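S.K.: Protein sequences appear in the order of chains C and Y.
Okay, so the first sequence: first residue is 310 according to the working numbering, each after it adds one.
Okay, so the second sequence: first residue is 310 according to the working numbering, each after it adds one.
If you're looking for bench data, these hints aren't it; they were derived computationally from the structure.
Here the structure is a predicted model, which means the values were calculated and not measured.
Each hint should be verified, as a subset may be incorrect.
Copies of one chain are not kept apart here, so a pair can be met inside one copy or by any two copies together.
Here are the simulated EDC-like pairs of lysine to aspartate or glutamate, each with C-alpha atoms no more than 16 Å apart in a straight line [unchecked claim]:
| hint | residue 1 | residue 2 |
| --- | --- | --- |
| 1 | K524 | E740 |
| 2 | K561 | E474 |
| 3 | K832 | E854 |
| 4 | K725 | E492 |
| 5 | K551 | E566 |
Protein chains: 2
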Amino acid sequence: MSSTLKKLQVVSPVPADIDIANSVEPFHISDIARELSLGTSHYDFYGKYKAKVLLSVLDELQGSKDGYYVVVGGITPTPLGEGKSTTTVGLCQALGVFLDKKVVTCLRQPSQGPTFGIKGGAAGGGYSQVIPMDEFNLHLTGDIHAITAANNLLAAAIDTRIFHESTQSDKALFNRLCPPNKEGKRSFSNIMLRRLKKLGISKDRPEDLSPEEVKKFARLDIDPNSITWRRVMDVNDRFLRKITVGQGPEEKGMTRETGFDISVASEIMAVLALTISLADMRERLGNMVIGNSKAGDPVTADDLGVGGALTVLMKDAINPTLMQTLEGTPVLVHAGPFANIAHGNSSIVADKIALKLVGPGGFVVTEAGFGSDIGTEKFMNIKCRYSGLTPQCAVIVATIRALKMHGGGPEVVAGKPLDRAYVTENVGLVEAGCVNLARHISNTKSYGVNVVVAVNMFSTDTKAELNAVKSAAMAAGAFDAVICTHHAHGGKGAVDLGIAVQKACESVAQPLKFLYPLDISIKEKIEAIARSYGAAGVEYSEQAEKQIELYSRQGFSGLPICMAKTQYSFSHNAAEKGAPSGFILPIRDVRASIGAGFIYPLVGTMSTMPGLPTRPCFYDIDLDTSTGRVIGLS
Amino acid sequence: MSSTLKKLQVVSPVPADIDIANSVEPFHISDIARELSLGTSHYDFYGKYKAKVLLSVLDELQGSKDGYYVVVGGITPTPLGEGKSTTTVGLCQALGVFLDKKVVTCLRQPSQGPTFGIKGGAAGGGYSQVIPMDEFNLHLTGDIHAITAANNLLAAAIDTRIFHESTQSDKALFNRLCPPNKEGKRSFSNIMLRRLKKLGISKDRPEDLSPEEVKKFARLDIDPNSITWRRVMDVNDRFLRKITVGQGPEEKGMTRETGFDISVASEIMAVLALTISLADMRERLGNMVIGNSKAGDPVTADDLGVGGALTVLMKDAINPTLMQTLEGTPVLVHAGPFANIAHGNSSIVADKIALKLVGPGGFVVTEAGFGSDIGTEKFMNIKCRYSGLTPQCAVIVATIRALKMHGGGPEVVAGKPLDRAYVTENVGLVEAGCVNLARHISNTKSYGVNVVVAVNMFSTDTKAELNAVKSAAMAAGAFDAVICTHHAHGGKGAVDLGIAVQKACESVAQPLKFLYPLDISIKEKIEAIARSYGAAGVEYSEQAEKQIELYSRQGFSGLPICMAKTQYSFSHNAAEKGAPSGFILPIRDVRASIGAGFIYPLVGTMSTMPGLPTRPCFYDIDLDTSTGRVIGLS
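For reference, chain C alone in the conformation it holds in the complex (with noise of 0.2 Å):
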């Protein structure tokens, strides 16, 4: 065992979360980054808990072989959550310090806007967490403050720029893109050149553009009706969902309805997500679309001049910051893009570097957001298929309570107390509901992976009930299913699920096979994924259907389906349990990333920014001024 591992003194029943992580005195991260091998020239600090490990680390391991690459995804959940994150840490514990690998946990990094409001944080819980709580939770190393930055940079482009376009004649605004300088010469910048190029004209004097030239590169003609682009902030203030902005005097009457997302939703934190280097994160930002002209192409971050200023405020972003679980093994922390209108997984550098790190016989384990039926779906078929890695397992993460709920059990509510279904024997439930778990399975085997249940086990679940789950796990072509105890025994419980997915790592070897393939139309795209869902159908709105057709017009109907559905079922009704099938899924309207490379059909309609209840939770936040220390937090 390494230095920098420890063993847990646990103890019952399990204390609140920010007790525990409080509990353990972190280790400095040089320590945890040299059990790691990287040097300090491999890596910034942030503070004495933080590290962001530098990208260059990529080029440096290039010849180096990957470790074994896990997913953990989970069933249909409860509006509890059954535990994905704690159970992604829980697997790592006991990999890293049980069963002596190495091992780095992948994770996304948390929108600080709900740590008020009123789901506390998502470091894990119980015994196993990312420590420290506090740090992990707010700020991190910043990533998430200079995407806000980025995207509201593009976003008062975007507006200054009709602005500016609707009180200028073509050869002003071209006077003033292009001014002379002392000497009286004229020229253009080199994100100028990329808009000439794009438009095909093949000068680089400004001189030499003929009035249509410059009419042509100088306005951008965006429609104001058509702008995608919103802006951002990372806290919880429904207040912005919609917004009129344009109202001062100054701007002569130019108002617009827009409104912000939290930051977590803006491309540029799907871009950081799925992004490989940082020529290719350069590309990516100056690609992104933000709306189309009048004559309907579209507008990018380029057009506008901005791609270059955003990839400089997002440069340190790229590097994923370097963590600890409670028993001391190494996490990243990277990128935490929505799972509805994003893919919902942390970034592919992270795992990249993480890959490396570890080596042949090591093991990567990361989260993929929401069920597996989105969460692990997008997995494979955006982000592998961006990042070109194969994995080898795939976790899902079961509950007793979600199980009861997909068999029939009364509707779970957060804040309300369980039904008594779910917190005393009832097998039949447990049976009925592993349908649900069923279809997780054979759609996640059907990528070419082995799968690994993992039932997360609560203190009232009953043996008779955890083996139907195991039973039924078997049956529908699981490699293993495993009890785990790691939320109050940290990685002692998840030891079985260690060995089991060391196991299922070790027996597979094919390459990933992909869902569906991106050379089809959109629409075949989004069947294929439906089907996966157990849809007999889709129905297109008429919205949807002419941004469909708009978007292949443009160009853009090779890039993967990103859906945004409830992940509460498998269908678009959050309140059908179970494995539904033969019903239609309908399509309301259709949206793109081009920037982050997806385009999302909504099925429903998806809220992109929370609200604070009447009580949010920070009415308990405060600082102990006299220790520093942050009290309150959950």
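For chain C, the structure is supplied; the task is to place chain Y on it using the hints.
M.R.: Here is chain Y on its own, set in the frame of chain C:
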């Protein structure tokens, strides 16, 4: 000379700022820290070239004596700026490298917004700069991002609270604020006990409150029209100056007109700059007034239950950031409040830490924003009043260019070529303009400090012009007047200034004489400051009268005054150059930053959200993705 100081290789003509900045390899910040006797327990790294010095250093050094305290102000500037930051840095390079003194430069953190707009960075210029320049100008260590997050959490809390109050009965509201726990027991959180105390309700069990007390406690009854708290963003986004929020269907028609300021205009920035400890910051943040109840009582962040959470968001921001100059002397960058609606000075805690670190015989040089009529005045009457620190010397930066303008030279406009008068000898204009310098000298002397005039020399200045300034400065009572060439030569060009500052510090030891005591009325304080501008009287608008009456009634009249006035004239009229007198200063409105601790009368309209020009400088900014280096930043 200590190990981290370096001799610059200067080139003539002076290259672009970014080229100079990139030509010098910075020291690892631990080397800079070591020269200040800071050990690794005293700071946290943020990458290789930045570290946050922990506030706990102050406790550790409580018994040590302070060094000399020097403030840098300026004459009334042209729109081009007269090189105050550059002189601050150059002086420190001279003191540290050429005069072998312990020295720390204390600077403001610049707003990120303007970096992408018109103005370039704020790291000094020529051979007197803070490096790395891109890190100084972008993100730094996240303090402004923390301010943005905290400011906007409070904003969200306001609108959401009004919304929830509007839809719930007193009892329902109270039950939600104090919900029963699992055992059915209700309790107040600590922050609720603060509110109860403020309301004079000395009960600590929710069930003991009378219905009237329940109403008083649970219903803040905020008057929407009285809300002064705005949202912020560190982006030049003019379309957010005036907006309507709450237009989403879920907000049920509860729309409200409001707007965004740039983040550095947030009261939280002023709090950061004026606080002296974590405990003090907690109180100031909790005491921030966001508006009034319908009964006219001030409503604070603590009334909303969010003062603790704001402190948690700001807990790392309170630690100043250590950086370095081109010549390897240490710099503390911390806080950057507006110089009109706020006091425009870097933080008290940075200055305090720096004074202990340099110790007796060492120097701390801190810059005050704007001309000294505003910057130095607020440094003395607000910042030093709260810090208890006493400066020994004030530097006033002057240029021949600005003095000629004050002597009657033609208008100076940014972006347009300078008139011939400014680039050829004209001693008469210079002499006439020295009335402006003379008033700044006598005003500054009245605080009990020695005044050293630093003439920031340009290549077109002539000997006769420079001599004219020296004579006029000495005649006006300056301790010394020195010609400096630090822009072209680095610290070497400011050696004479360093010697003069040293002598000035050594030959004075008197307490600070404030311009006004705190225990006179708001109007009397305003009038004392107006007289220092040369005004014959003050005129109040009806709105100003109303606000003065309100703040006096609310018990805030004992606060210092922070005038929001143009920096381009002693008077309210930017066009009045020289040393105008006899005018009546108009007070348009009066506002207050109660948490930060000042009342700010508005003398004219202050823009708190800049815009982007037709061709923002982001067109030139990009990342060289092969090296990771920022290009095009100016």
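S.K.: Would you mind marking each hint as holding or not holding in the structure?
M.R.: Each hint, compared with the structure:
1. K524 to E740: For K524 and E740, neither the intra-copy (68 Å) nor the inter-copy (51 Å) Cα distance is at most 16 Å.
2. K561 to E474: Answer is within: at 13 Å inside a copy they meet the 16 Å cutoff, but 35 Å across does not.
3. K832 to E854: within (9 Å within a copy, 66 Å between copies)
4. K725 to E492: Close across copies (13 Å), not inside one copy (73 Å); limit 16 Å.
5. K551 to E566: Answer is both; intra-copy 7 Å and inter-copy 13 Å each pass.
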